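The whole structure should be built from the sequences, with the hints applied where relevant.
Going by the UniProt record's numbering, the first sequence opens with residue 1, and the numbers climb by one from there.
Watch out, some of these pointers could steer you wrong.
As the list claims (entries may be wrong) - Using C-beta positions, here's what the derived DEER-type ranges look like: (1) T98 to D251: 41 to 51 Å; (2) K62 to R155: 54 to 64 Å; (3) P350 to K393: 30 to 40 Å; (4) E204 to K241: 39 to 49 Å.
Rather than coming from a laboratory, the hints here were simulated on the basis of the structure.
The structure displayed is predicted, hence computed values, not measured ones.
Built from N, CA and C at the ideal position, the CB exists for glycine as well.
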Amino acid sequence: MAEKKLVEAITSMSEDFAQWYTDVVKKAELIDYSNVKGCMVIKPAGYAIWENIQRQLDERFKATGVENVYMPMFIPESLLQKEKDHVEGFAPEVAWVTHGGLNPLQERMCVRPTSETLFCDFYKGDIHSYRDLPKVYNQWCSVVRWEKETRPFLRSREFLWQEGHTAHATAKEAEERTEQMLNIYADFCEEVLAIPVIKGRKTEKEKFAGAHATYSIEALMHDGKALQSGTSHNFGDGFAKAFGIQFTDKDNQLKYVHQTSWGVSTRIIGAIIMVHGDDSGLVLPPKIAPTQIMIIPIQQKKEGVLDKAYELREKLGSFRVKVDDSDKSPGWKFSEQEMRGIPLRVEIGPKDIEAGKCVICRRDTREKVETALEQLEKTVEELLAQMQSDMLKRAKKHLEEHTYTALNREDFEKIFQEKTGFVKAMWCGEMACEEAIKENMAVTSRCMPFKQECLSDTCVYCGKPAKKMVYWGKAY
RNA sequence: CGGCGUGUGGCUCAGCUUGGUAGAGCGCUACGUUCGGGACGUAGAGGCCGCAGGUUCGAAUCCUGUCACGCCGACCA
Numbered sequence: 001m002a003e004k005k006l007v008e009a010i011t012s013m014s015e016d017f018a019q020w021y022t023d024v025v026k027k028a029e030l031i032d033y034s035n036v037k038g039c040m041v042i043k044p045a046g047y048a049i050w051e052n053i054q055r056q057l058d059e060r061f062k063a064t065g066v067e068n069v070y071m072p073m074f075i076p077e078s079l080l081q082k083e084k085d086h087v088e089g090f091a092p093e094v095a096w097v098t099h100g101g102l103n104p105l106q107e108r109m110c111v112r113p114t115s116e117t118l119f120c121d122f123y124k125g126d127i128h129s130y131r132d133l134p135k136v137y138n139q140w141c142s143v144v145r146w147e148k149e150t151r152p153f154l155r156s157r158e159f160l161w162q163e164g165h166t167a168h169a170t171a172k173e174a175e176e177r178t179e180q181m182l183n184i185y186a187d188f189c190e191e192v193l194a195i196p197v198i199k200g201r202k203t204e205k206e207k208f209a210g211a212h213a214t215y216s217i218e219a220l221m222h223d224g225k226a227l228q229s230g231t232s233h234n235f236g237d238g239f240a241k242a243f244g245i246q247f248t249d250k251d252n253q254l255k256y257v258h259q260t261s262w263g264v265s266t267r268i269i270g271a272i273i274m275v276h277g278d279d280s281g282l283v284l285p286p287k288i289a290p291t292q293i294m295i296i297p298i299q300q301k302k303e304g305v306l307d308k309a310y311e312l313r314e315k316l317g318s319f320r321v322k323v324d325d326s327d328k329s330p331g332w333k334f335s336e337q338e339m340r341g342i343p344l345r346v347e348i349g350p351k352d353i354e355a356g357k358c359v360i361c362r363r364d365t366r367e368k369v370e371t372a373l374e375q376l377e378k379t380v381e382e383l384l385a386q387m388q389s390d391m392l393k394r395a396k397k398h399l400e401e402h403t404y405t406a407l408n409r410e411d412f413e414k415i416f417q418e419k420t421g422f423v424k425a426m427w428c429g430e431m432a433c434e435e436a437i438k439e440n441m442a443v444t445s446r447c448m449p450f451k452q453e454c455l456s457d458t459c460v461y462c463g464k465p466a467k468k469m470v471y472w473g474k475a476y
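Here it is in structure tokens:
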């Protein structure tokens, strides 16, 4: 997409992608930095996106029987330590509360980095019989992880997310729920966020601390880096055994429950930015955009112009629509609308009013069309739908064009030296090999996709017999 | 936690080398002219120069310490 640069406030992607990202986040007024490193002020434009994500994901959750709850934000140290792998995974990045008021606490507490231990502790007392199962709970909350390096949305010390925690009578049911939630995430990404994802399983090395199996959806950003955009874990009965979550089954036997957890965080807003954004700023898919249409009056002080703009707003009442009646110049308003990623812009001025028409400009293509005012509602509806599907198509094309195949080590290394994106390659399944790849090539396994292909019989790196096809990439 | 860098009106920064009591552009406020891709004029408001010590007749400027933030690495949603 060759674009004329209209505003200098945003660094171009090709010049410096990281700076571009920061500029977009700021100019779209999604966040402000705060006084605490890694903690951000999410401003109305950013929070409204999150609210839309919440609302639409929550609907999908509830359609599968999920119930929302809320757990405390503090975890006593003794509780965190109950599951060995889990505590080892999270200990380096938890924040501790050591005092209550002026007095030291008897036992220090961490601010939840995730709530497995809290749910487990609760389930231990709440589940006694197979009749109490399944538990399909979710909470919307924030968690804290004391990251060393932080970036808005992608890695913040406090972030908003949802974490679902379920307990089931059988391993099969837990596995089904794990996959079901991953599918919900993947469908949501494609249908609402217009982001195509690769679904697959994480390797032993990359899986969640304490999990039996971790699944993820992996998206490809515009710079060719991967972003894990949602995860779903099957815990088997590992946590149940560590916490003693047992129930009496129909056969009068005492059994351990099988658990899952799954989450999506505000990080996904980073994905929206980096998949769809361009050199003029944010581009929001219509289904997630807090404002879908911005009406911009031209020569708004002329008699009747503003009235007409408000009239159009009424007419478009079934959409999320606003009128920019600030006293900035039209050019300024155009740029604002573009930086904020508002999908459609309706321009209405004296000439249009006289001719009974208006100009509509699409954010993604910047294509302008004229439409008769009687046709406005219909045209807008079509354009929004078209834009939503075009954005997914474009993102899919980018994903396909940046997915490569390597059959041997030489190609594998060469591709990552010359290009950015996903590389599909066969792997032996051994952690040592995976670690060597990371060490030598600065590349990690993203996932073992559900859609397996047999590219060759040998591991791309070490040459041993291949077990799995893996997506490799550089990740955020 | 390592390496680099930055803290001066709301924002971006100049001033610091060579100490003399604070500047620019943008933004903001008021009024007027403008308005189809970041318009313009006039007038105005706004700063214990990150913080704490020290040197000095005098510190934004020199010295010491400290805090914060940013970027790049190692670790992670």
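> Which of the stated hints cannot be reconciled with the structure, identified by number in ascending sequence?
Replying inline: The structure conflicts with hints 2, 4, although it agrees with all the remaining ones.
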